[in-house]
Amino acid sequence: MENETKKSKGPTKTEIAVGFMCFLILFFLGGMYFIFRFLFYVLLGWYPFLNRVLPQVSVSIPGVVTACLILVLLTVVIQVLGTKVIRSVREKREDFSLSPWRFRWTGVCLILLIVSFTGGLAVVGVAHRTFEIVKDEQESFLASTREFKNEYYFSLNQRNVAEAVEKYSAENQRQLPAGIVNATGIPLHSWETQLLPYLDSTALFEKIDLSVPWNSQQNAEHFQTSIPVFIRVGSTGDQQFNREGFGLSHMALNSRIAVPGHAINAQQVPDGLANTIMLGEIKTRLPAWGDPLNFRDPASGINKHPHGFGTPGKLRGGANMLFLDGSVRFISEDIDPKILKALATPNGGEDVSNFQGGR
1 MENETKKSKG
11 PTKTEIAVGF
21 MCFLILFFLG
31 GMYFIFRFLF
41 YVLLGWYPFL
51 NRVLPQVSVS
61 IPGVVTACLI
71 LVLLTVVIQV
81 LGTKVIRSVR
91 EKREDFSLSP
101 WRFRWTGVCL
111 ILLIVSFTGG
121 LAVVGVAHRT
131 FEIVKDEQES
141 FLASTREFKN
151 EYYFSLNQRN
161 VAEAVEKYSA
171 ENQRQLPAGI
181 VNATGIPLHS
191 WETQLLPYLD
201 STALFEKIDL
211 SVPWNSQQNA
221 EHFQTSIPVF
231 IRVGSTGDQQ
241 FNREGFGLSH
251 MALNSRIAVP
261 GHAINAQQVP
271 DGLANTIMLG
281 EIKTRLPAWG
291 DPLNFRDPAS
301 GINKHPHGFG
311 TPGKLRGGAN
321 MLFLDGSVRF
331 ISEDIDPKIL
341 KALATPNGGE
351 DVSNFQGGR
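In full-length UniProt numbering, the protein residues as written are 1 to 359.
What the hints contain is simulated information worked out from the structure, not anything from laboratory work.
Check the hints yourself; a few may be wrong.
Straight-line C-alpha distance at most 27 Å; calculated BS3-like pairs for lysine-lysine [as the list claims (entries may be wrong)]:
| id | residue 1 | residue 2 |
| --- | --- | --- |
| 1 | Lys167 | Lys207 |
| 2 | Lys338 | Lys304 |
| 3 | Lys283 | Lys341 |
| 4 | Lys338 | Lys283 |
| 5 | Lys338 | Lys149 |
| 6 | Lys167 | Lys304 |
| 7 | Lys283 | Lys304 |
| 8 | Lys92 | Lys149 |
Given these sequences and hints, build the entire structure.
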């Protein structure tokens, strides 16, 4: 018995359709749909562009007339030059057969010239726009990198202040620095001045007369100095000194834990050291670091009030806050006001269990 060989049949239309659909599904699941978007924008992207731009285009009559005159002039020049070239070749090579220069050849040359000119402008425009995009992206990247760097180094400054507060507190019966007042209660010096010996500024501290106001004639020159640990990295000009020449501070003490001349004891914080703000960064109405009234209320909000806390950064809305336990945490400006107020009070007894990661 002979085996009959059967010709293998190819895939049916249904099988081809099913295979193609499977391919498309895998294609999209693999994230390759951007190819279709690219083809769409290349083939049809001009339509929405024209639909958006044409209503804003105004026709200039002088410009149209000038363009028509230039086209006529180019047509005449191409026709004349083409005719002369053909005639010159025919005179030099009598055995070489050439048909006379035709007007349609002039039209083709004119179209090619226009396309080349337009293409050149398009390439220049694309290159210029690409350069602008790359430049903007680079500037944006550098700005964000600079901002993150400044924010990081300022948080280190706050940690240095926390260490200085800890040393001061250890030598003063666990009292926090709150500034110096005279016998009648008039503020003389700031809490930041009290921290100078613990911030490698002992020499400057020893020059200050603590019995007279910080901005008195005897002391003024000593406060016309910028203390790096009190300001943000990269600060220049009016971010370092005020109009009187006094060095500025980018920090303020929590007014709910201290007032001029009096502060709570670090061992008497019912709400917990980790749940109570000690100080934070500020961006507006910057005080001199020697100003004994450098206190602000965190409950007034972050980036909400000129006399409140905040940061000039644009990437993240909020501020770095130093807590009594020495930790530095970024608190969002969108934090629940009730939670922020609870973090500002040392003995309110509020529930701050919902406070997570600055939110």
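Numbered hints the structure breaks, given as an ascending list | 5, 6, 8
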